[in-house]
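> Chains as they are written, first to last, in our numbering: chain A, 1 to 226; chain B, 1001 to 1462.
Watch out, some of these pointers could steer you wrong.
Stated by the list, open to error - Cross-link-like lysine-lysine pairs, in silico, DSS-like; alpha carbons within 27 Å at most:
#1 A/Lys202 - A/Lys225
#2 B/Lys1075 - A/Lys155
#3 B/Lys1244 - A/Lys155
#4 B/Lys1244 - B/Lys1337
#5 A/Lys173 - B/Lys1371
#6 B/Lys1347 - A/Lys155
#7 A/Lys155 - B/Lys1061
#8 A/Lys89 - B/Lys1244
Rather than coming from a laboratory, the hints here were simulated on the basis of the structure.
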Amino acid sequence: MRILLIEDDQVIASFIAKGLKEAGYCVDHVDDGLEGLDRALNNGYDLGVVDIMLPGLDGLSIIERMRDKKIETPVIILSARRSIDDRVKGLKSGGDDYLIKPFSFSELLARMHAHLRRFNTAAESSSCLTIHDLSLDLLSRTATREGKKIDLQPKEFALLEYLMRNSGNIVSKTMIMERVWNYNFDPQTNLVEARISRLREKVDKNFSESLIHTIRGLGYVFEKKK
Amino acid sequence: MIRFPNTLAFRLTFWYTLIVIILITVAFSASYFLLKKTLDQSMEQNLIEDIGEFQLLYQKKGLDGVKREINRDMKSDGEEELFFQLFDKDGMRIYSSDLSSWGFLPDNQELIKQVFSTEELIFQSMRIPGEEYEVKAVYGLIAPDTLIYFGESTEETENIITLLSNVFIVILIIVIPLASVLGWVMAGRAVKGIKEVSRIASEIEKGKLEQRVLVPAQGDEITQLVDTFNAMLDRIWVLISEMKEMTDSIAHDLRSPLARIRVISESVLSNENTPPTFRSAASDTIEECDRLSQMINSILDVAEAEAGALQVTKQKVNISQLVQDACELFEEVAEQKGIKLTCRLQKDCYIYGNIQELQRMLANLLDNAIKYTLANGQVSVALTCNRQNIEIMVLDTGVGIPESDQARVFDRFFRCDQSRTHDGFGLGLSYSRAVAHSHGGDIELSSSLEKGSCFIIKLPIT
């Protein structure tokens, strides 16, 4: 997987590049907007991580020009600006995600995983989602495990669906707040923890194997542990 | 009671119409009195001339000549119009025209005596029972020993006066609606500029700060108002852009080094060779970075929400859905704490606003309510709406807020004594109030210690 990183802050850029390399990605780092655009247009990348304030050309313009040329590579915007307006502008210009500095690397990694996976399996639109012995019927909004029906509230179903769609990848609390509740801020209460623990009671408690796991300090992952 | 519209255009029209009516009335009254006086005088003049003629006739043809002339006059004018009487020096009537159509006609012996002694004319205006019109009469001498007393009905002059009055009424009936319509049109033109200014002002209140009022061509007071208003908008625009730039640069200048610190600590933490003591220092650093960045965020959020109405375009928000989602979101946390969270929502309430700000405002209030309520307590949320307003009530049976602090809980960084044990920066309520304000509403608080608090948000629909 090849990642294009356009970021003029050397400390942050080298940290991201190092982390991504450790995670097994190939990273090209440029610190200038124009050069970044050139790379983005001419080399086939799997994903871009783009800062907004850049010398040469700003991040939003880079994304707009990429989209003009029909380059649909997913792009995660990295920005110190966090107002609602800025976020809306970022997503309108064609960015796929908006991450605010300071960010945690695991958060960036989790979001990258989500977009890489989504981008590669965009065609997937089955009405049934099955992982291990748990399956979700997306039409009737019901969940069954080992043939037993599990009662879920609508939001619990949405939460479980989100975890399952990202199975094997860590999803952070803020990602869950954004995608499941459409809250673009962290209410700073243990809302997500409470939800997950209730969901666990229903999905995992009475079964031999746990599927929802907490990764301390990072988030949650849905997978069958080997 | 009829309520009249309290607008400038209506008042201008009202006063304009009233003044037109008063002016017309004054003009008619003046011409009425003038005309009446002129007619009276010309009648008196006629009477004087008639007496002169009778004197001449008496000298030439004697009493019989006078009597014949009287009869001729009576025939030509009609006996209802005229009467004649002749008296001698003792006040005895020596001749009278046919008085059958005059009913009772009084003669005044006092006046007769007076005329004989002074030899002057005396005019008399009188109303005679049964007569429709006033009668104008005169006493005068036609010879040293003969007095003529004669009069005529004022029918003709009164007919002219009546005609004038009728014309006046007709004109008034035509002019009142005409003046109102004309006044309304003129007032409409006059206040058009003001209306335009107020329309733009209300659009700006909804967030369209780039709007300007078009300057009308004529250089009158309205043009001055428009110019001043536009200049004021330019100034506000500059201030807001400056503020936005400033918050942007704060955001950038503080967040970037913070991001670097966090990144460095994170790489120390993720390095497997890092000794445990450094590891715990690094993780503390990360925690403090997050705290600091959240604090910066909260400060900027409050500032942004306070300038809010002017920056973010508002959209139609299903507030019922929003409140329900918020209740649903906090349900689990409340249950884990042993608090009963109930929501009573009126369905399909909509307002124009900013979804994310409203979400946060609700989340802040619910978070507070649950935070300061002990196990087995209750938190209830209620939403009601009507055509103008929505009202959200968040009620808890928590620790309450002492009266001395109630006025200050909405201030930035203010924290009550009992809240210091909890996380937070004292910005949640200031943020909520800023959002309520930027949506044109407000938050009210009532609370009593140990019993609980009640926050009521009132927002207008548009």
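> Against the earlier hints, flag every one the structure doesn't satisfy and list their numbers going up.
Structure breaks hints 2, 3, 4 and 7.
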